[in-house]
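Chain by chain, the residues:
Number of protein chains: 2
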Amino acid sequence: MQRADREGVVLKAIEKVGKDLARQLSRGKPPALQVPARTLANIIWDSEAKILRLGSKKVKREFLDMGEARKFMQTVLMLSLIVKAIREGDYPTIRDLYYAGKHTIEYLNEYGKLQREETWDTQKESDSVIQDIEVITGLLREHMGILHDTKGKIVGRIVIRSGADTIDCSRMGDGAYSIPPNPDSLEILDVDAEYVLVIEKDAIFNRLNKERFWEKNRCLLVTGKGQPDRSTRRMVRRLWEERKLPVYVLTDADPYGFYIYSVYRSGSITLGYESERLATPKARFLGLTISDIYDYKIPRNFIIKAKDRDLKRAKELLNYPWFKESKEWMRQLELFLSKQEKVEIEALSGYGFKFLTERYIPEKLERKLWIE
Amino acid sequence: MQRADREGVVLKAIEKVGKDLARQLSRGKPPALQVPARTLANIIWDSEAKILRLGSKKVKREFLDMGEARKFMQTVLMLSLIVKAIREGDYPTIRDLYYAGKHTIEYLNEYGKLQREETWDTQKESDSVIQDIEVITGLLREHMGILHDTKGKIVGRIVIRSGADTIDCSRMGDGAYSIPPNPDSLEILDVDAEYVLVIEKDAIFNRLNKERFWEKNRCLLVTGKGQPDRSTRRMVRRLWEERKLPVYVLTDADPYGFYIYSVYRSGSITLGYESERLATPKARFLGLTISDIYDYKIPRNFIIKAKDRDLKRAKELLNYPWFKESKEWMRQLELFLSKQEKVEIEALSGYGFKFLTERYIPEKLERKLWIE
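Protein chains in written order, with the working numbering: chain A, 11 to 382; chain B, 11 to 382.
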């Protein structure tokens with residue numbers, strides 16, 4: 011969304027929440043907010059669209075309910091902070107919002123004794139209110155101009171407009187374009203690529219960039235440096251959705267790598283509501299798989315014994331609906347749990363530094379050896 | 011260094027080590043390497059240049075010494091891997107080099123029994139050998155084309171050449187230029203800025219970028235996202251050294267923030283040899299200081315109680331020579347240890363989202379309230 015949109019559509023959507031409350035008050039009704047429930051029970055796996063969705067369940071948050079007054083007040087406070095930021099052209103971070111809204115309320119209790127209460131005690135509380143506002147308005151916090159840490163980088167033949175600037179991501183030398191906090195503010199002007207290769211590890215991204223892999227293979231390279239942030243996920247989603255580019259994910263052969271793929275593909279279950287906008291349900295896992303360890307005859311002394319946390323994570327993955335629906339994923343996870351072995355992607359360098367780029371990736375793509 | 015240099019000067023410097031060994035052998039001498047000692051005792055604080063330097067102590071690593079043969083072999087193995095990578099135009103990561111060199115050596119011991127030994131067991135061993143090669147050749151591993159994770163970003167009026175590309179870091183929209191692994195391969199073509207502002211936190215960098223702080227204040231913005239990587243440190247150093255730009259560092263008011271400043275300024279004591287190239291000895295600490303907490307009347311409920319690890323780190327910092335030489339740093343650290351309180355930079359948002367950029371930073375700069 012462009013800046014104009016932030017001050018138009020977005021501001022209107024947020025102001026509407028306030029106007030609804032004002033209307034209730036002017037009719038002499040006790041004010042209440044309708045908030046889509048973010049509980050696990052209300053997060054539904056849509057196996058057709060292969061995406062997590064928020065169900066239709068809503069909770070009513072009433073001002074005159076002792077148990078909800080605090081949360082009601084927090085939500086209205088946060089709404090007012092966000093509206094003020096948009097009107098004044100500010101771009102606060104989620105932590106800025108925490109501090110901007112944090113103050114002590116003093117009041118006399120029923121015995122006339124002075125009491126003090128904080129608007130919120132921890133950032134967890136204020137972050138949760140921001141999530142409520144996301145589901146109430148149907149907007150991402152990025153649309154509201156709320157900033158956060160970003161980790162993503164992109165290179166390749168893609169030309170982007172951001173504000174007044176036109177950015178050619180094939181002209182970054184040995185560096186890359188650092189994906190901005192709100193990828194929806196970008197206009198994708200031109201793409202000359204056949205697919206997107208998402209790389210778990212930043213150092214491997216740097217190597218492929220240095221080799222100009224994207225140029226030789228007509229692709230875009232993206233990294234989210236491990237567990238991706240929201241901006242990287244949104245950027246990948248847009249490339250898939252708007253430009254119909256297939257997306258391939260390249261990680262270590264271990265449950266943490268598979269989990270990273272899972273985040274790109276479907277998001278996390280506890281934040282299921284984000285997935286409708288951030289997930290890339292057709293993202294393909296290119297490797298490394300557990301069976302690659304044996305198919306590519308990775309030397310024994312390169313293989314790492316699985317740790318308890320790897321086994322624990324693999325068991326969790328077995329229960330993810332999008333893995334459950336895939337025979338090949340079940341096979342990989344069960345192979346991992348029986349062998350209890352993992353390898354890093356750099357283990358392929360035992361066959362030479364170019365093995366990954368000149369043999370492994372092309373072979374996997376050509377023979378369609380990815381997992382969906 | 012340009013690519014041509016990597017294949018010229020750099021290759022020559024590394025090959026020279028091999029040639030020296032060959033010469034020793036052809037003269038019938040047992041081969042030995044002279045390696046500058048990277049021990050703490052050989053790392054010297056140069057209080058004039060305000061930089062850590064490696065002293066003149068060298069260790070002789072002899073092939074025919076049972077206690078050193080393994081390390082000797084590892085060093086020669088790594089040298090051969092690096093030379094091969096340069097000759098073949100490869101850009102391995104430090105982890106690639108670990109795997110490329112890792113193999114099992116089989117031999118018969120004095121009783122005729124088959125024995126096995128790994129060239130190296132852990133990446134810590136192979137990384138240590140790379141460090142030895144850095145001090146033997148006087149080159150940084152970046153010069154040799156060895157890649158690693160990068161975290162740094164830069165925006166502002168600086169034009170850079172990397173390979174065939176000319177990159178204008180004032181035309182990045184809401185994004186930024188991601189600093190490449192080897193900043194010495196960049197040519198700085200043009201800078202139109204009065205200073206460099208190094209920001210600890212990525213989210214704050216994004217906010218200042220979104221506000222176009224660099225444009226309004228004629229500066230360059232850099233972040234290393236917390237503890238900076240080598241590339242970010244090298245980039246900042248180059249801007250200070252070659253372009254004579256004053257460098258200001260902005261962090262939270264806590265010992266971790268001060269430590270980050272310390273890394274930009276002087277590097278870490280254990281890797282003192284890097285500092286001659288990576289440190290920016292004249293970097294100034296702009297804030298937040300501990301005394302800012304009281305001078306700016308940060309509300310009590312924004313103040314965070316120091317944790318044990320904060321106190322421990324503050325006590326360590328008291329012993330750093332570059333802090334010891336500064337009365338103001340001693341005062342700040344002692345104030346911290348007596349008050350045992352810290353604040354985050356976002357706490358300033360309690361005074362409005364623009365307080366940091368429109369009041370705090372300009373005030374500190376104008377009244378020269380930084381610490382050196």
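Where hints are given, some of them may not hold.
Identical copies look the same in the list; a pair holds intra-copy or inter-copy alike.
As the list claims (entries may be wrong) - Straight-line C-alpha distance at most 20 Å; calculated SDA-like pairs for lysine to any residue:
#1 K315 to Q133
#2 K67 to A316
#3 K322 to G236
#4 K26 to D75
Please keep in mind that the hints were generated in silico from the structure rather than gathered at the bench. Fair warning: this is a prediction, and the values are worked out from it, not measured in the lab.
So, going through the hints one by one against the coordinates:
Taking CA atoms no more than 20 Å apart as the test, K315 paired with Q133 passes between copies only; the shortest distance there is 16 Å, against 38 Å inside one copy. Taking CA atoms no more than 20 Å apart as the test, K67 paired with A316 passes in neither setting, with 41 Å inside one copy and 42 Å between copies. For the homomeric pair K322 and G236, the shortest alpha-carbon distance inside one copy (19 Å) is at most 20 Å, but the shortest distance between copies (30 Å) is not. Neither within a single protomer nor between protomers do K26 and D75 lie at most 20 Å apart by alpha-carbon distance, with minima of 23 Å and 80 Å respectively.
Hint violations for this structure: numbers 2 and 4, all remaining hints satisfied.
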